[in-house]
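There are 2 protein chains.
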Amino acid sequence: MNAPEIRAPRGTALSCKGWPQEAALRMLMNNLDPEVAERPQDLVVYGGTGRAARSWPDYHRIVASLKSLAADETLLVQSGRAQAIFKTHEDAPRVLLANSLLVPKWATLAEHERLSALGLTMYGQMTAGSWIYIGTQGILQGTFETFAACGQTHFGGDLRGRLVVTGGLGGMGGAQPLAATMNGAAILCVEVDPQRIERRLQHKYLMRSTTDLDEALRWLDEARKAKEPLSVGLLGNCATVLPELVRRGVIPDVVTDQTSAHDELHGYVPDNMSLEAAAELRRSDPEEYVRRSVDAMGRHVAAMRAMQDKGAIAFDYGNNIRAQAVRAGVGDAFEIKGFVPLYIRPLFCEGKGPFRWAALSGDPEDIAVTDRAVLELFPHNAGLRRWIELARTQVKFQGLPARICWLGYGERERAGLLFNELVRSGKVKAPIVIGRDHLDCGSVASPNRETEGMKDGSDAIGDWPILNAMINTAAGATWVSVHHGGGVGIGYSLHAGMVVVADGSEGAARRLQRVLTTDPGMGVVRHVDAGYDEALQFAREHDVRVPGRTIFEDGR
Amino acid sequence: MNAPEIRAPRGTALSCKGWPQEAALRMLMNNLDPEVAERPQDLVVYGGTGRAARSWPDYHRIVASLKSLAADETLLVQSGRAQAIFKTHEDAPRVLLANSLLVPKWATLAEHERLSALGLTMYGQMTAGSWIYIGTQGILQGTFETFAACGQTHFGGDLRGRLVVTGGLGGMGGAQPLAATMNGAAILCVEVDPQRIERRLQHKYLMRSTTDLDEALRWLDEARKAKEPLSVGLLGNCATVLPELVRRGVIPDVVTDQTSAHDELHGYVPDNMSLEAAAELRRSDPEEYVRRSVDAMGRHVAAMRAMQDKGAIAFDYGNNIRAQAVRAGVGDAFEIKGFVPLYIRPLFCEGKGPFRWAALSGDPEDIAVTDRAVLELFPHNAGLRRWIELARTQVKFQGLPARICWLGYGERERAGLLFNELVRSGKVKAPIVIGRDHLDCGSVASPNRETEGMKDGSDAIGDWPILNAMINTAAGATWVSVHHGGGVGIGYSLHAGMVVVADGSEGAARRLQRVLTTDPGMGVVRHVDAGYDEALQFAREHDVRVPGRTIFEDGR
Ligand SMILES: NC(=O)c1ccc[n+]([C@@H]2O[C@H](COP(=O)([O-])OP(=O)(O)OC[C@H]3O[C@@H](n4cnc5c(N)ncnc54)[C@H](O)[C@@H]3O)[C@@H](O)[C@H]2O)c1
Ligand SMILES: NC(=O)c1ccc[n+]([C@@H]2O[C@H](COP(=O)([O-])OP(=O)(O)OC[C@H]3O[C@@H](n4cnc5c(N)ncnc54)[C@H](O)[C@@H]3O)[C@@H](O)[C@H]2O)c1
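Here the protein sequences line up with chains H and P, keeping their order. Just so you know, UniProt numbering puts the end of the first sequence at 556, numbered straight through with nothing missing. Just so you know, UniProt numbering puts the end of the second sequence at 556, numbered straight through with nothing missing.
The set of hints was computed from the structure by calculation and includes no laboratory data. Treat the hints with care, since some could be wrong.
Identical chains blur together in the list; that is why a pair holds if it fits in one copy or across any two.
Taking lysine to aspartate or glutamate pairs in the DMTMM-like style, the calculated list, with each CA pair at most 25 Å apart, reads [claimed, not checked]: (1) K310 / E335; (2) K429 / D221; (3) K427 / D42; (4) K310 / E506; (5) K337 / E553; (6) K17 / E389; (7) K337 / E506; (8) K455 / D221; (9) K17 / D33; (10) K87 / E553; (11) K87 / D543; (12) K87 / E111; (13) K17 / D91.
Bound conformation, chain H alone (with noise of 0.2 Å):
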């Protein structure tokens, strides 16, 4: 069968028996839209294997389930394929996702291979396989979250007049430029690939660029001294940079990293070699290849750490390069703390997570009145605020019009309640898709990221993002997904994703208010349980019910 071309019906027609169910089909639909998808022939979504559907034949038969289903009726989906259509109710989920589970002893990359060979399994990924990814603004707006709480937590404001050094220009990391100056900071970005600068500048991610360390430093000084935002991409090798910022002095406000140190053959580029003669070496001595690449994430990190020590605030960025370094004698390389401990958890303990939203319209002025209608909901959020007056201009819309923000426990269900109204009072044009990403406070197992360190020690429990499931299952969910591997692999992680309509009915507000609080309370509720004040405080003030903690806390 040839790969059709899709993409999502915009408007008010229905193709489904209902907005819940016409939801669930755009979504899917849009997931494989050209604009938003890296291979949709393959039915990939993103992150180079994440499916929406297992083939093409299961494809149309999710499509013509959905289409059919009642408004009281569900439908199962295992990993991609429509298995099941039975009866439920209408404030049951339409559509329940379970995706690349398998049985633990055999939850291994070889098997889940052998299985996707056999037609068995498929990997869904985060958001791809639970039919809810918007392109890269989540990756923008996530790395803008952690530049802001950066700024928060250090500078007690933004990043303005503040001067942050990194490294990595691809597919993540170049989201850092446009993250870090709508933050106020002037960045400096290392890159040694001239074409990743190149498309950086092209998408207006990034501002400016050099070859030249002494101009860019120049640059980059003015703007900090002016607070002006500035992103400067240095055509260079981290391992040879950042000593030499060391050497002279320069010492960051901030220092962080997203080279693809994770994987030290195809990912790291050493240095004093150009970048054909590091493909050169791969090829004909791998070895080699790796054993100067680890050496030179040593040299990196130890620079990275030599700037600590004369106070810069430095943090690993989720890429492995500590671990890395350890490896080539950097004996303190652990004293750089991750970006989730850091930065996230302390959102995650209130709530605070990736909140999302389409206009299943297409028409984005649609997703303009909600902008304007969030900045009136929150007036004192002054993060949201820059985050979604600058999105406005500089995010250009993947598939059907869609934002993302960072909300925490109380404030999504308001901005839910008041999304189904602006529905239902026509100020928007059709119903409004809320969903989130995987990594979010109380969705996630995965003790290599979003659960590194929990101060209790639990950082591989895997009950949580199960119950997650079930309760956003019991709330009402539009539709609920439970996915393993995600962005960290099979058997690093088990998560679950969640989707719900805002149609305008009165059936929707009811929902809506029940999940937006059960999907953000786990995340207060599982930061309660693994001994964080913060969400205990939180959970006190918003009369979050944990028994024990703020009910029965006298053990009966």
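With chain H fixed as given, assemble chain P with the ligands onto it according to the hints.
Below, chain P with the ligands without anything else, positioned relative to chain H:
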């Protein structure tokens, strides 16, 4: 804190705000009743470490939570600890539980024990942590069902006039003599430990015992000829007795085994030594013990194979003796097939599995009423009739009176609605709680047992139990659980449980109808997908909607 002695309240006075909550409370307490639980003081219900709650303070907080829970609220229990109460709605579950789950890469027994010691998790087994264990009746009924299916499959009826030979009268294996005689068989049970034989005689699970093989064979021969059921415990070692039977030309109709062959050091006893000598050798020279034990299993299985070659039906009963025999050089040990693919899977294809219920009144007469009602409802099910009639006289209740029998898709729904009607009309004194083991048709992924040798190779696919839990949550089960490990241990299985309460209300009827359809329906669907023709045919005949198979067959 001293361990209190727990016994579920009886009668119609409520401790909670409604019967669904009360049912959860009573069944939790019933799991810890000294008549039911293995080590109630340690909260251990069965299986050595399977707990109902993580600790005594946790137990008390769960009880307090259940007592306070409103009819539109849901309690979350994470590995035996009450973690949150959220607002949901009446058709949502009252309790959602996730027990013992670990991120797969960390899913080892060692990590589980480390985290348990830190107080961060507990082992939930199957029905221990999901509050629906009813004592040993479950094991007896499962064994009964296996022998019944064996009779049906190979002899076109029951086992009357048939000779069965087996080994092991321990915790599980001790159910064999009664389950076999209930099916009409003459059964020889070889057991090395006289105390085990004694215990089974006392409990009336075993009719006679002897130390003399000639005597045993004479008794059995008479019974076989008279088509009378008879069970004989023979003190002896399988590795000696079975080859001797072959030598004499005594070929049984059926041969199986439930010695603890999975454990070659602490379980199986080598032949040609006394029990005391074996215990001594185990201590003094474990390597030599293992050598002799494996060697004995080789001769044991070789004899089973010889019987099989001469026409006996031979099957493995889940104790891993085939793999042990391969170690001993019996290359064709796997010519003997496992009991699940042979006897249980065909039942699973029709959504058949272990349906159980308990009388919350505590009155045995209520179970007698349901027994009669079930027999009237399925007048043509001869196996069911045989089981219920024998169970009525031979099964002693433990804790709240309960009954178990295997019912399929369609049957479960009818039975559930009937029970609800019995409650509504006052024919029973209090509500009936309906549940099942996690070992069921569509609720477990366990490549060494329930999903061994699936037709399409999907043994290790873990999506199904998660979908099962989510759809039962959506359908409105009273409580739903997802566990890891269960009967086969950490890493080896994922499984889900559900319980639904018949309190005579219309709401209950609605939920019973849905849940008792989705739950066995998952079994039908899972086996349709795996390529079982029986399942597909059954799905077609019973309108189970499977996209691509029974609906949208052209792929659209
Ligand atoms: N923070 C998170 O949540 C998160 C999420 C996903 C990925 N990551 C990690 O972040 C890293 C970057 O991800 P990506 O998708 O951008 O990878 P990528 O491979 O697309 O980009 C990496 C970039 O680093 C450059 N680079 C390599 N070695 C260099 C060196 N010595 N000096 C300067 N530049 C160098 C490469 O040319 C490339 O452009 C990866 O390790 C990834 O695993 C983190
Ligand atoms: N079919 C299933 O679903 C299922 C379920 C659970 C357990 N099992 C397996 O079944 C086996 C039995 O379980 P159990 O709980 O009864 O174990 P158990 O340890 O309580 O009993 C095993 C019995 O076998 C006897 N025995 C050992 N070696 C013998 C020999 N050579 N000859 C005769 N008797 C011998 C022991 O004295 C003991 O009484 C185990 O391997 C277990 O893993 C199967």
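When no copy is named, should K87 and D543 be tagged within, between, both, or neither for a Cα gap of at most 25 Å? For K87 and D543, only the inter-copy Cα distance (12 Å) is at most 25 Å; the intra-copy one is 35 Å.
When Cα atoms must be at most 25 Å apart, do K427 and D42 count as within-copy, between-copy, both, or neither? Result: close neither inside a copy nor across copies, 38 Å intra and 60 Å inter.
Could you figure out if K429 and D221 sit no more than 25 Å apart (CA to CA) within one copy, between two copies, both or neither? neither (47 Å within a copy, 83 Å between copies)
From the Cα coordinates, with 25 Å as the cut-off, is the pair K87 and E553 best called within, between, both, or neither? between (41 Å within a copy, 20 Å between copies)
How would you classify K17 and D91 at a CA-CA limit of 25 Å: within, between, both, or neither? both (16 Å within a copy, 23 Å between copies)
Intra- versus inter-subunit Cα pairing at 25 Å for K455 with D221: Neither: 39 Å inside a chain and 67 Å across chains, both beyond 25 Å.
At most 25 Å between CA atoms: does that hold for K87 and E111 within a copy, between copies, both, or neither? Answer is neither: 34 Å inside a copy and 40 Å across each miss the 25 Å cutoff.
From the Cα coordinates, with 25 Å as the cut-off, is the pair K17 and E389 best called within, between, both, or neither? Neither: 37 Å inside a copy, 49 Å across copies.
Can you give me the call for K310 and E506, within, between, both or neither, at a CA distance of at most 25 Å? Answer is neither: 58 Å inside a copy and 71 Å across each miss the 25 Å cutoff.
Check K310 against E335 for me: Cα-Cα at most 25 Å, and say if that holds within a copy, between copies, both or neither. within (13 Å within a copy, 71 Å between copies)
Check K17 against D33 for me: Cα-Cα at most 25 Å, and say if that holds within a copy, between copies, both or neither. within (23 Å within a copy, 50 Å between copies)
Give the relationship of K337 and E506 under a CA distance limit of 25 Å: within one copy only, between copies only, both, or neither. Result: close neither inside a copy nor across copies, 46 Å intra and 56 Å inter.
Checked against the numbered hints above, the structure breaks hints 2, 3, 4, 5, 6, 7, 8 and 12 and satisfies the rest.
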